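What follows is the residue order along each chain.
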Amino acid sequence: MGSTPPLVAMTGIGKRYGGVQACRDVDFAVRSGEVHALLGENGAGKSTLMRVLSGDITDYEGSIEIDGAPVRFRGPADAQRAGIAMIPQELDLVPALSVADNIFLGREPRSRWGGVDRRRMERETGRLLRQVGIRLDPRQPVEELRTGEQQLVTIGKALSLDARVLIMDEPTSALSAAEVQRLFQVIAELRAAGAGVVYISHRMEEIGAVADRATVLRNGRVVAEFAARSMTASQAAEAMVGRPLSAMFRTTSGEPGEEVLRVRELAVRPRRPRPGRREPAGITLSVRRGEIVGVAGLLGSGRTELLETLYGAGTPGQWTGEVLLRGRPVRPRGPRHAVRLGLAFVPEDRRISGLVLEHSVLANTALSIVDRIARFGLLRRRTETDAAADAVRRLRVKLAGLGQPVGTLSGGNQQKVVFGRMLLLRPDLLLLDDPTRGVDVGAKAEIYRLLGEVAREGVGILLASSELDELVGVCDRVIVLRDGRSVREFGTGEARAAELLAAVMGDGGEAGAAPPGERPASRVGGGT
Amino acid sequence: MTQRETIQRESDGAAAPPAERRLDVVSVLFRFQSMLGLVAVFIAAVLFSPHRGAQILFLTSENLFNVVRAVAEIGIIAVGMTFVILIGGIDLSVGAVLGLAAVGSAVLMVENGMGVVPTVLLVLLIGLVFGLLQGIASARFGIQSFIVTLAGLQVARGLARIWSGGQGVAIAYGDGPGEAPVAFSLLGERTFNGLVPIPALIFVVVAAAAIAFLRVSVFARHLYAVGGNQKAARLSGVPVNRVKIAVFGISGALAALAGIVHAGQLNQGSPNDGAGYELDAIAAVVIGGTSLAGGRGSVVGTVAGALLLGVLNNVLALNNIDANIQLLIKGLVIVAAAGLQRLRPAL
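Read top to bottom, the protein sequences are chains Z and D. So for the first sequence, my numbering puts the first residue at 1; every next one is plus one. So for the second sequence, my numbering puts the first residue at 1; every next one is plus one.
Source of the hints: derived by calculation from the structure; they are not laboratory data. It should be emphasised that the depicted structure is a prediction, and the values quoted were computed from it without experimental measurement. It is possible that some hints are incorrect.
[Claimed, not checked] Among chain D residues calculated to face chain Z with C-beta under 7 Å, some are: (1) Val216; (2) Arg221; (3) Ala225; (4) Gly228; (5) Asn229; (6) Ala232; (7) Ser236.
[Said to hold, decoys possible] Below, a list of computed lysine to any residue pairs in the SDA-like style, where the Cα atoms sit at most 20 Å apart: (8) D:Lys231 <-> Z:His337; (9) D:Lys330 <-> D:Leu64; (10) Z:Lys398 <-> Z:Arg218; (11) D:Lys231 <-> Z:Gly314.
Backbone N, C-alpha and C define an ideal beta-carbon position, used for all residues, glycine too.
This is chain D alone, in the form it adopts within the complex (with noise of 0.2 Å):
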């Protein structure tokens, strides 16, 4: 009893000796370190916005929800890369997975006439299986996953342009024919005294319950375990294949979700949307800390790098710089960010 207490205590590190004092701080911050990324750009942008008379327009509170909101889908999509990511594993599928759900969720709403809760429901179950096939693909019959999901691309795209007939489908509000529920057009809006954008809520929403969840389920033991060593994991009674195919499938929902919130925003499902999102996805994850070896990482993280991307993003469209110097900037701090962290103690 007594030693397991003092293992405990000191695994919590209180006994440690004061020796060590200066290293906790150091390996305290490189905890943060996911962190260290973002305040760094934060500042940046405080620095550099520009000014209406004494205000800093970046620090208002509605651009800084709209910086949340800008990042809402790149981020739930960037929530589910990062438990496929975890196993080591890659989702390139999640863009187009996108792209099928926006299409879907205005035809059915526009053209079937259906309600939104069962569209809603019904283009979240479509991301589901899609992402559950691709694991039973990967899982079962031992193909990588970045060449099953690449497929998956393709398929997701074709399917889009057959169920959209090749182009946009225009979401127009009413109680007529081909009109669809006024109510799906609260992904547009604001709530909170009309501050808080939906987007953005849901984000918060979908990242809150996914840390949690990988913070208290078993099924997150598992996870961390295949991606850390299969073998081993496997060998302790772990069901592998099982943890594979439901990470896809939670991918494949998160990305459906994702397009249902661009729907609604952009009042319209292209079958082209989200075109290259899975690579700004999998920019946020590898940001935020989590090792594409798989094994460690942190949706905590993949939110960090998600708002990193976005305040950036908004502070050279606030400055008004031009596009292509733009891509320029994002592709260094990407890299600068990610040799951050490289920059861990050595064991």
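Same shape as in the complex, but just chain Z (with noise of 0.2 Å):
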């Protein structure tokens, strides 16, 4: 193996942002063959080395060998000849042009007369999908399908470029556990073809089973390499995180005070349907304040559109049953009065629902507070500014300045922005719905101890999570939704999570109970 040269040899590469050097002389190779993982926390450097490798970013130090020559790569166009191709994190397809229209945008096969042949391209497409393995129309819209088939088909599409390295960032964040070990099966025909796959998760099984070689990241510099089949799950993350994992849980409660939310019969009775949506139809539930309650459920279980109403958004005030906050009934009519309740929200899609991307981390965090700490409708700056200072600081985001575009921060450290700004709303009663997905290890850990910090101090919180490990871990009691109705409740310490993975699925594991696609794993229903 020593003799031929890797398929891809990158020396010595490093890349500066502005004050923050997110690469420093990292060396990376993939050999034909080869499941070369890359582990790291958000932020480590992992995207901005594989942005150097796909030739999105062109202004690096260090070098790139190509099967031993040197190339320099002058944009993604340049790379993907090379047989380079990247299959992001975030979904690039065109919502509204079939599956077909989307796999060869750009590139589609001319007909004698000219035009394009949508035959040939149906054809291809229905064979990509089938080596993916799922059953689709290929002229079927990409916006009705599931957000994990959408990354099938964002899969398939990367394969139809017969890419010799091909790089995956996050490929499974939205599969179930059938599709995952579909494209396992996938990416060993890749191998076997003599291709080299980069494979970039937060997932430590799925690590262990598809991978030969894992590289660790961390700030910018490689900091440990494993055999990927003999790693242990903690190994790597404390190579990931730079100290033992031993408190990854909160491990002190808040002392549980007085009550205050009591849900009784909450059922959702929208005027107009809304489809694809699973509306309460009676949960019952209670939150005292220095108390974390679960809500464990399927995707489709209620679970997202349980805080939805609760905070007023969606389709406020049309339901029915009860619900309390410190003892008194309350109808939020829209986000801005459920905040002026004391409740406060931190979203399941950060990007989409969370931030102002290209606002500074100041404008992002401060947003909810600047009318509160405002005199005469004008801003106070210093007050201002003091307090997302200090939210950014408790939070330990990782930025350059309070003027940097949020959109620029890691995944983990957006996620804390977002929770900093709740946090400064001092609410009685904190909703998280998936406060932890598509964040890693190290900043999953911060989030916990900050659950834990909010608690004591007498936060009532409320969290919706798809990760069973979580609700476990975290949670003093949970609550399980089935259908949108809450039908068990773990109490304190009795949870584990083989019993609750059984009660969200039905009892006695029933997975008929389960919509299609969704199967049990350690991590229940991704979520859209």
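Starting from the two chains in their separate frames, assemble the complex, guided by the hints.
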């Protein structure tokens, strides 16, 4: 193996963004027939390194060799010609176009008359879809697909490029367990054909199952390299974070105080039905001050809809049942009203509903409180900056300055900014919808630490999550939702992941109760 | 405490390492990008200006003030348009509202015998309410502002025609019946030793007020957030609908103000006044670097954009360029200026 040069060898790669050194002297190679995992926290430099390799970043230090010959890409098109294809983390599909149109966008096969050869395009698409294991009509618009299916279409698109090196950035984040297995088969086929794969993921069990080698980045440097099969999850996690992970989850619990939220038989009845949503149809629960209450449920169990209803988002007021806040019945008319009532909400998708990406960290962090600290409708910059700086420091957000656009932060740090905004509101009740989704181990640990801290200050927390380990590790109690109803409650210390899973799936583990495509795993339902 | 100071210092760029100096120069240049186009057109105007003896005609103070007066109406409208575009909307009704306001000014004074102050206040109120109604239609019922204000354009024109009887209403000054108070004719005059045209002064005051407002008000922070990511703004507790409605109110009121200025300069109010002004205003906003997608831009840029168009018109007229050729050149310059906006450094 040592005699033939690797497919790709990156040597001494460095890249600065303003004051932040994203990559520093990184060596990284992919051999033919190898799956090389790349690990690291958000902001460790994985994406930067891969954007260098895919030709997206052109002003870097160091050198790249392909088959032993030095290259310098001037753009993504150069890299594609050299056989390097990237499956991006964010799905870049055109929603209104069909599956086939998306896969062949910009390189449509031509017919004899110069038009688009639709039949060939659809035939080819069908073949690619079979390869990634989904059965879809190639003519179906992409916007009608589930997120997982869209992710597989993106993968199919990359396969159609016949790349020799395929970069997969979190390819499974929205896939069901069965789809993940199918993807692994595809990777095995690629490997057998002599291609190289760079595999980026936060899920340790996937790395062990699919990768040959794993390289760990921290603060832009290579800090460890493992043989993937013999690597343990804690080894990898410690290398990523740089310290032992003894206290990943919260250890001390808040002292439960008075009841802050009581929900009785909540059922949402929208005037116009909302397709693709599971409306709450009878949810009863309560949250006391200092308590973290989990909401467990599959995708389509109504957990997101529950939080949105409590927060007055979605279809405010169109529900029956009873919601008591600090003992008083309330009916939030909208998020603004909910905030006034003492609620705060961290939404599921920070990029779509959490942040104004091109605005500064300061503007984003202070967004909810600018009117509270204003005088005669005028901003008070000093107070505002102090508050934002405090929040950012408390949450340990890694940033160059408060003026930095929030979109340039890593995912975990973006999530902390959304978090910080809500904490500045000093809420009585904090609603969180899958707050650690797509967030790395280190940032997760910090979010858990913070949840504990906030709870100890007397805030009630309602945490919906798709990660059962998280619910078991962090919550005092867990409410299980199924088909829009609360069906079971686990008390303090009672919940174990396996039992929780059984309850979530339907007692006795009848998998048939789950929506198609969702299978038991340590994670249930990716959410969209 | 110390960390906060560090954060602030870093955000000010003072602590930036020397390696970034060059980059900083570039980013500063881009910050004043909206000015670059204006500077370029200004220099071109100086170069191509006709001379009278040794005097460059374009650069005479009288001519320069004429430029500002000529853009005053479009400029005032464009300031309001900037607010609307910042939230990702568009207001196509402003030209027609200008016409309605011009007609209203003339009719109220000439036919109803009202004084200047009540007339101005009432006309501004009409513009404000018209804008607010469009904002309500757009925000509450979720209709795109393009459609709402396209309809508003028709309605305002119709109202102006009905109110004026379908033709221009001339404004004669005097104390008798059917005559407007002389004070209104101030709008066609100059102040400061007969140098600064009143409309130019109004434009400058409106622009300055808007710039200050966007710098210091909470409303501005909400406005930018709504334009940048409406969903995130709503979930953060920003009163999204209120912001939207207010923005259309501001645009309507400013269009009415431009209509009053228009009537004062031309001494008449005609229901067809202001046709196509909305497009000039949008051009000024876009040349000024405000993103049509919302969330990014400034009134400073809009002022620069309006002045750019004014300078261009002025120098083309000074050179007696054929009107059709003028249109051609203007079109090209608008595209070039907007293209310049695309050249911003990637994040």
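**Study point:** Pairwise hint evaluation, Arg218 (chain Z) against Lys398 (chain Z), where the allowed Cα distance is 20 Å at most
**Key:** holds, 13 Å
Point to revise | Hint check, Ala225 (chain D) versus chain Z [nearest Cβ-Cβ separation less than 7 Å] | key: Given a least distance of 6 Å, the restraint on Ala225 (chain D) holds.
Exercise for review: Below or equal to 20 Å on CA atoms is what counts here, so check Lys231 (chain D) against Gly314 (chain Z).
Suggested key: It holds: about 11 Å lies between the C-alpha atoms, which stays within 20 Å.
Review point. Holds or violated: Gly228 (chain D) as interface residue toward chain Z, Cβ cutoff 7 Å?
Key: Holds, about 3 Å.
Check your understanding: Does the nearest C-beta of chain Z fall within a distance shorter than 7 Å of the C-beta of Ser236 (chain D)?
Key -> holds, 5 Å
**Study point:** Hint check: 7 Å Cβ-Cβ cutoff, Ala232 (chain D) to chain Z
**Key:** Check passed: Cβ of Ala232 (chain D) comes within 5 Å of chain Z, closer than 7 Å.
Review point. Quick one, is the Val216 (chain D) hint okay against chain Z at 7 Å, beta carbons?
Key: Nearest chain Z Cβ about 5 Å off; hint holds.
Review point. Given the proposed pairing of Lys330 (chain D) with Leu64 (chain D), does the C-alpha separation stay at or below 20 Å?
Key: holds, 19 Å
Check your understanding: Is it true that the CA of Lys231 (chain D) sits at most 20 Å from the CA of His337 (chain Z)?
Key -> It holds: about 16 Å lies between the C-alpha atoms, which stays within 20 Å.
Check your understanding: Does Arg221 (chain D) meet its interface restraint, that is, does its C-beta lie within less than 7 Å of any C-beta in chain Z?
Key -> holds, 5 Å
**Study point:** Asn229 (chain D) as an interface hint toward chain Z, with CB separation required under 7 Å
**Key:** holds, 4 Å
Violation of the numbered hints given earlier is absent; every hint is satisfied by the structure.
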